[in-house]
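Asker: Position one of the sequence shown corresponds to residue 1 (my numbering), numbered consecutively onward.
List time: in silico DMTMM-like cross-link candidates among lysine to aspartate or glutamate, alpha-carbon distance up to 25 Å: (1) Lys98 with Glu164; (2) Lys98 with Glu172; (3) Lys98 with Asp118; (4) Lys98 with Asp51; (5) Lys86 with Asp118; (6) Lys78 with Asp41; (7) Lys78 with Asp90; (8) Lys86 with Asp51.
Rather than coming from a laboratory, the hints here were simulated on the basis of the structure. Bear in mind that the values here come from a model prediction, so they are computed numbers and not experimental data.
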Amino acid sequence: MSVLLIAGSPSERSRSAALLDSVAQRLAARGVTIERLHIRDLSPQALLLADTGHRTVAAAIDQVARATVIVVATPVYKAAYSGVLKVFLDLLPQTALKNKTVLPLATGGSPNHMLALDYALRPVLQSLAARHILPGIYATDSQVTLTPEGAHHLGLDIAQRLDEAVANLVHEGLRLPAVTGFEPIAFSRVRCSV
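Please work from the sequences and hints to get the whole structure.
Answerer: This is the structure:
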């Protein structure tokens with residue numbers, strides 16, 4: 001089982017990447033193996049031209065296919081997730097997240113954009129057939145500070161929420177068996193009342 005961390009920020013240093021790093025540290029402390037995918041490292045031309053055969057894009061799509069659990073982090077711009085993440089998600093097959101558990105993370109300048117997780121990102125993840133989308137975490141700029149040395153500091157409330165989210169992720173995504181469906185029912189056993 002593997003966990004794929006998807007960084008949806010166009011910036012190398014970002015608050016959303018800091019959230020992903022914090023999740024990675026918490027997962028590593030539990031002995032969970034992770035992989036990383038930085039959308040900004042994919043060929044921009046291939047992404048914009050929807051060239052799924054390009055080696056970087058094909059490798060990224062393969063990473064998504066192999067993962068059991070996905071953690072996706074994005075900055076929020078104008079009440080929506082990042083454009084680079086949108087372009088990548090649009091290239092994924094319709095059932096790319098089937099039987100996967102997903103933890104969405106987002107950062108933004110103010111609390112006014114926190115609903116972007118539920119009203120912009122969650123519907124796209126659902127349309128990709130995610131088995132289970134965990135409650136997302138939204139952090140404001142004041143809750144995730146970046147230092148000039150390249151480190152980050154999380155506010156106590158966000159750190160606690162990440163602790164809970166990772167515990168939930170490990171329980172829900174890494175320990176539950178895949179959903180196999182319903183047992184077939186013979187027509188003769190079907191009862192209805194009018």
